[in-house]
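S.K.: Let the hints inform the model, and build the full structure from the sequences given.
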Amino acid sequence: MIELIFEPAIGENGFIDIPLIDKIFYNDEMILNKAIRFKPDLIAFSTITNLYMPVKKLAKKFKEVMPKVPIIVGGIHATSLPERTIAEKNFDMICLGEGEHAMEELLQRMREKKSYNDIKNLWVKDETGFVHKNVKRPVIKPLESLPYPDKSLFAKYGALNSTVMIMTTRGCPFACTFCVNSFRNQVYSGEVYLRQRSVKSVIDDLIEIKKTYKPKEIRFEDDVFAYNQKWLNEFKVEYSKHIGIPFHCYVTPSTAKDEILEGLKEAGCKSVSIGIQSGSEKIRTKLLHRRHSDELIIAACERIKKHKLKIFAEYIFGFPEETPEDMWKSYELNDKIKPFSALSFIFYPYPKTALAEYSLKNGYLTKEDYDKVKDGYGSYHTSCWLDLPYKDEVYKLNAMLPIWNKTPKILKPLLKSILKLKYGPIHKLIYLASIPTMWFEEFVARIKAMPRMLMMTRSALMNDDWDKAYKDNLEIEYSQNQEILPQPKLIIENEENLINVESAVKAKALEALKAKRRKEHFFHGEIKFPK
Amino acid sequence: MEKELIKLNVIDRDGKKTLIEAAEGATMREAIMDKLAPSMFALCEGNCICATCHVYVAQEDFIKLKKIEENETETMTTNDIDQTPYSRLSCQIELEKENNEMTVTIAPLTSL
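Going down the list, the sequences are from chains A and B.
Take 1 as the starting number for the first sequence in the working numbering and just add one per residue.
Take 1 as the starting number for the second sequence in the working numbering and just add one per residue.
Keep in mind that a hint or two might mislead.
[Unchecked claim] Partial selection, computed: residues in chain A whose CB lies under 7 Å from chain B:
| no. | residue |
| --- | --- |
| 1 | Phe174 |
| 2 | Ser189 |
| 3 | Thr255 |
| 4 | Thr407 |
[Stated by the list, open to error] Below 25 Å or equal to it, Euclidean Cα-Cα: the simulated BS3-like pairs (lysine-lysine) are:
| no. | chain 1 | residue 1 | chain 2 | residue 2 |
| --- | --- | --- | --- | --- |
| 5 | B | Lys35 | A | Lys136 |
| 6 | A | Lys230 | B | Lys67 |
| 7 | B | Lys35 | A | Lys257 |
| 8 | B | Lys66 | A | Lys257 |
| 9 | A | Lys230 | B | Lys66 |
| 10 | A | Lys68 | A | Lys39 |
Everything labelled a hint here was simulated from the structure, so no lab data went into it.
No residue lacks a Cβ here, since even glycine has one placed at the ideal position from N, Cα and C.
M.R.: Laid out in structure tokens, this is it:
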């Protein structure tokens, strides 16, 4: 049985953190009590770096009340920082890369009370504190071999409202330097990480979702959706025939070609997000590895509009080497594109990405701050980690772009004068006020869904809906679960020598094992980007 | 009719030359990925959008290739690659008899 007991997206890390809501609707005590009642055999977290901090805090609390229950953490954070993550005393295991098969094997071994120190994709800490670093598995192919994600776990917390999110791919074909995909593609060198589910798999999944949750909109959360024309040709027919719900997806200036946009429109697409990231061609080309000229971006957006799709343009401020002039170019380019909505973020140096390493190497990011990022501090909404001379501009321009996009030309001089002020409450207020304007219908839908979500979260945490008759009989005797390696037998007459020789043999075997692990393991220390 | 095997000389990013074989009709990307599986190569699996399967074709072999299409040119222009007059995306090259024993160099990756 699986139970979802923690949803970290709200609170603790710069988002919504309202003490009264915490107290009434969800709090650590409620989460821990639910976990105690559930009596888990294993606690598993998946996290990205900027949500790692609450995960770490909660893991500590779980360990205090359930010290014998092993805790595993996976996701891109553990994958990019395995040494640091496994060193955390409350984590017993980490999962690197894709977790499905590793978790399946782990649970099976636990059920059979067998050692699980050697499961591929896992790093396992044994009772001596030794970390068994196992090799990676190949990528999961085809994706249809996996069951559909069980959304009911989230539904009972009220997390599914009128919009349901789904993915048709894993990975991204591009290697933008600020994105974790560039790092992930490196890790899976020699394999193609990008995979796409078949149209049938996606449609069958959506038919179930439509029947069960009756969504009013579907969001395809793929990094790049419908890059494959042949796939799209089949998808548009099946989607409009069986699903017919308006959808949103992501395109890039490179993939926003007429034929693709036409296919998206025919399928039922209403809006697209497109990453512009910077209005400065220099920053895009030299620093982000996105060689899209301004003309190309403008032309791509013109095509999107021609197909009557709403544009959500996304920007990032606060890159290394970015000057206020570069940042202002984002405003200028945005004025040319005229998107339905402009969304802005602050550059967050995700660990091991090329741009984070570059920032560190070139003095834009201190080691201390990089360590804080690695511990999960900050967010791409609120924190500029780089040591930039124009930090104020980063915060101001990030805060005011959404409202700038919605402001009539005649009022823009007023906004310009606000931009000239020192960063302060006025800019923060404007940012907050701009949230409903980014997508009013969506904002209203979310506000409407909020009370229901809070009530359902409380209800899900307070009520036990699992089958209490179910008993796995799995008892974690952690000390008994460790692998006992056969020791070499030596016949030596002198007992003193025996001890020395035995320890020498052990040390040699350990060294050999370490060397073997080093050779086999897919992480070989620092990532070296090819020249 | 049985397909012929096409020989291809591939110079990898370390400058090492390897002779590989692929069935006629396969794309050059498939042949390289299958036999050499280079790092960060062909990330979009042959959909002509990422340009990571960029190769430099030897001058004398370049003229034997079919004419480059607009889609390929656009992808090369919009992605982060160092283009030369002999640049091609290997996902767009279908191997034919005329291409036997041609030489290509896998383009280096750009770094910060």
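S.K.: State for each hint whether it applies.
M.R.: Against the structure, the hints:
no. : hint                : result
1   : Phe174              : holds, 6 Å
2   : Ser189              : holds, 4 Å
3   : Thr255              : holds, 6 Å
4   : Thr407              : violated, 31 Å
5   : Lys35/B to Lys136/A : holds, 21 Å
6   : Lys230/A to Lys67/B : holds, 22 Å
7   : Lys35/B to Lys257/A : violated, 32 Å
8   : Lys66/B to Lys257/A : holds, 23 Å
9   : Lys230/A to Lys66/B : holds, 22 Å
10  : Lys68/A to Lys39/A  : holds, 11 Å
Of the numbered hints given earlier, the model fails hints 4, 7; all others are met.
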